[in-house]
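**Q** The residues making up each chain are set out below.
Protein chains: 2
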Amino acid sequence: MRAEIISIGTELLLGQVVNSNAAFISRELAALGIEVYHHVTVGDNAERLKEAVETAENRADLIVLSGGLGPTEDDITKQTLSRHLNVDLILHEETEDRIITYHKNSDFEMPENNQLQALILAESTPLANDTGLAVGMILDHDDRHYVLLPGPPDELHPMVENHLKGELVKRLLNEQVLVSRTLRFFGITEAQLAKRIEKIVKEQTNPTVAVYANEGEITVRVTARARTEKEGEQATEEIESAILASLEEYFFGYGEKRLAEVVRDLLLEHEMTITAAESLTGGAFLSSITSDLAAGSVFEGGIVTYSTEIKHDVLHVSQETIDEYGVVSAECAIEMAQKSREMFGADIGVGLTGVAGPGSLEDQIPGTVYIGIAYKGEKTFAKRFHFGYKRNKNRRLAVLNAHELVRRLILDKPIENRLNYDEEQ
Amino acid sequence: MRAEIISIGTELLLGQVVNSNAAFISRELAALGIEVYHHVTVGDNAERLKEAVETAENRADLIVLSGGLGPTEDDITKQTLSRHLNVDLILHEETEDRIITYHKNSDFEMPENNQLQALILAESTPLANDTGLAVGMILDHDDRHYVLLPGPPDELHPMVENHLKGELVKRLLNEQVLVSRTLRFFGITEAQLAKRIEKIVKEQTNPTVAVYANEGEITVRVTARARTEKEGEQATEEIESAILASLEEYFFGYGEKRLAEVVRDLLLEHEMTITAAESLTGGAFLSSITSDLAAGSVFEGGIVTYSTEIKHDVLHVSQETIDEYGVVSAECAIEMAQKSREMFGADIGVGLTGVAGPGSLEDQIPGTVYIGIAYKGEKTFAKRFHFGYKRNKNRRLAVLNAHELVRRLILDKPIENRLNYDEEQ
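Chains as they are written, first to last, in our numbering: chain A, 807 to 1231; chain B, 807 to 1231.
Possibly wrong hints are sitting among the right ones.
Copies of the same chain are indistinguishable here, so a pair counts whether it falls within one copy or spans any two.
As the list claims (entries may be wrong) - Subject to a maximum C-alpha distance of 27 Å in a straight line, what follows is the list of computed DSS-like cross-link-like pairs (lysine-lysine):
{"id": "1", "residue 1": "K1199", "residue 2": "K1063"}
{"id": "2", "residue 1": "K1036", "residue 2": "K1005"}
{"id": "3", "residue 1": "K1001", "residue 2": "K1036"}
{"id": "4", "residue 1": "K910", "residue 2": "K1005"}
{"id": "5", "residue 1": "K1199", "residue 2": "K1036"}
{"id": "6", "residue 1": "K910", "residue 2": "K1196"}
{"id": "7", "residue 1": "K1063", "residue 2": "K1001"}
{"id": "8", "residue 1": "K856", "residue 2": "K1199"}
{"id": "9", "residue 1": "K1185", "residue 2": "K1219"}
If you're looking for bench data, these hints aren't it; they were derived computationally from the structure.
Being a predicted model, the structure only gives us computed values, none of them experimental.
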């Protein structure tokens, strides 16, 4: 099956909105083994939309349209498809009921044209909108499949995940099932990781193996088509084992959970609390902990000690450490970790100090970072990093690596090149 | 002039990269008054690229291609255009020199095919790459203009800003000049702002007026075409005055500077320092200060007091305040601001407390936020906000509103609905 994605919206052509939908849909289709050769974007214009659909019909059998399902006069996707395919629009009563209920329970008055959002193409299968009002649909027509999705990503994503994928699998797989597993890695570059599993990726057509990177965190998705769930699980596991055989040391979890969330769950599970004293990252590590709603169970507070004076006067890093080793040092990072642990009464203290850039500090080049760890009264150590990026990317990588050190500490995983390691405090 | 944007890269069709280039280029073209009716994306495939160019030639006179200028065998944009238009590729010596110099000064060995990045279409005007190696170009051919840009955004953006825009203006304007001014607003929604200047936006064709929003911060760009710089300035200023007449109270600055940067500059200018005690925002406000490389001149440190115990035991918010008013209160926000100011020796202290959500706290609904301000020994007050969004958006809006309060404080602008305002401490 070959797909084409058509995005509809004048705001996209004006550059007011970046088209993240096309990328999201492409990823989901790739996981199903569906090839995408074209993305096309047109404005809220019926003539140009019709032309785009006609062009797509000549080169694809799955046409995915996103945008233009709302209640305003700019929203013309359904109407255009209805005329083009000569298929009526009919009322989807379930959606109409949802719209009426929604407006009863809100302070907004229901506009007359709101019913527009409940219209579907006759004989199409509706795709429920779990987070909004406009219903989506998939229409099988003349050997082609037309999929209509809403434009807002927070409506489109759940519709694709929860409803479209199942419908596509039915059409694609002839009673087959699809089993997918997502592996997450940290501490290796995307290029290095891709190289290590190059052979597996290239040789596999079923299961498929796809690699995505998101600034330090790498996702590998294994997707198998099979006759039964069990067979699919087995095929997936085989490939997973082959992948982990060469990447186990970088593996940090399954699914879409980010590294910070994995660490949060480990802290919860082990009933541990965490704190930090931050210099170059200036609050970003603490903020990454508190972005999570469960933060209150593992975190009470922390400190940003940006200047040398505050490190000494408020956090009480010793003058000897500062004079002898400087603030960009393993010694200072460890003492920041220890003192923050004492100040906020946490099990784990993290100290982050270094040179974010662009300038140098204490003769250390930009991107040099020391992360110190103090665990209960038992263990302290630091690790030195060098990130050769711009200021804020260096800061973000420092935050991620701090999470990774905490994860390895909790799970008692090996940590290479520890500085000033002390187990007997 | 009508433009079409063609993005080239298999990684886009796989969804591994979101196509932000098409949006960026569209915005820049819109500011020049150039209409864009189609975005098209194809993979690294010469045949499909050629088809896309042919289609574009039938509906646009400016064809902007991004991607495929690199040194690998996947990079086929120039070669495809060369064959399609029957125009030779020739060596751009300046670029070749840059590539040789770059490799002399780095640890990377120069691959043989690196010279590919120095080839340009004969008779095209080269567009310098200020941040990378692959040269861009604009070719005028058969009444059409073909623009070739590199794919990486950090190479594409400066090439467009610094080189392409000037070339386009020459071709567009027949000796005319282009004068552009960017106004920034905060504290009003995009819809409200658009409504207030609806008439100006609709009635204007020269200067054009464009509105963009980025989570709380709104940008209005006024662009005039004129015979002289002076005439352009005058036309721009007239429209600017009309816009500010109805939006002055929300205006915070010119250009692309973000609100946090405007505040940083004000602090520098007034030689003031800042600190904060954060609860619901958990480090995000401090992090937004330290993301700036000039942070060291206005900031020494701050604290995250997430739990009630830490607010009391470490920051020394009084037990009376906590018992009587709760931690989600104007009183607590002000005391957090005062105590942080004392602890870190800053001129301005900011206290952020509230309910990020999704759950309630102290019977206050999610999105309720109090921001307290303590200015030297002179002034304290708080302001109550209600953001009805999800957890992390509520946190981000709290951070932005804290910056806005500081800006108004420094500039002595009116601040409405102040709670517990005290000028005589």
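**Q** Determine for every hint whether it applies to the structure shown.
**A** Hints versus structure:
1. When the C-alpha separation of K1199 and K1063 is checked against a cutoff of 27 Å, the pair qualifies both within a copy, at 21 Å, and between copies, at 19 Å.
2. In the homo-oligomer, the alpha carbons of K1036 and K1005 lie at most 27 Å apart inside one protomer (25 Å), although the nearest pairing across protomers, at 63 Å, exceeds that limit.
3. In this assembly of identical chains, K1001 and K1036 lie within 27 Å of each other by CA distance neither inside one copy nor across copies; the values are 30 Å within and 58 Å between.
4. With identical chains, the CA atoms of K910 and K1005 are never at most 27 Å apart, being 57 Å at best within one copy and 34 Å at best between copies.
5. In the homo-oligomer, the alpha carbons of K1199 and K1036 never lie at most 27 Å apart, since the shortest distance is 43 Å inside one protomer and 41 Å across protomers.
6. For the homomeric pair K910 and K1196, the shortest alpha-carbon distance between copies (22 Å) is at most 27 Å, but the shortest distance inside one copy (51 Å) is not.
7. Taking the shortest Cα distances, K1063 and K1001 sit within 27 Å of each other inside one copy (24 Å), while across copies they are farther apart (41 Å).
8. Taking the shortest alpha-carbon separations for K856 and K1199, neither the intra-copy value of 43 Å nor the inter-copy value of 37 Å comes in at or below 27 Å.
9. With identical chains, the CA atoms of K1185 and K1219 are at most 27 Å apart within one copy only, with a shortest distance of 14 Å there and 52 Å across copies.
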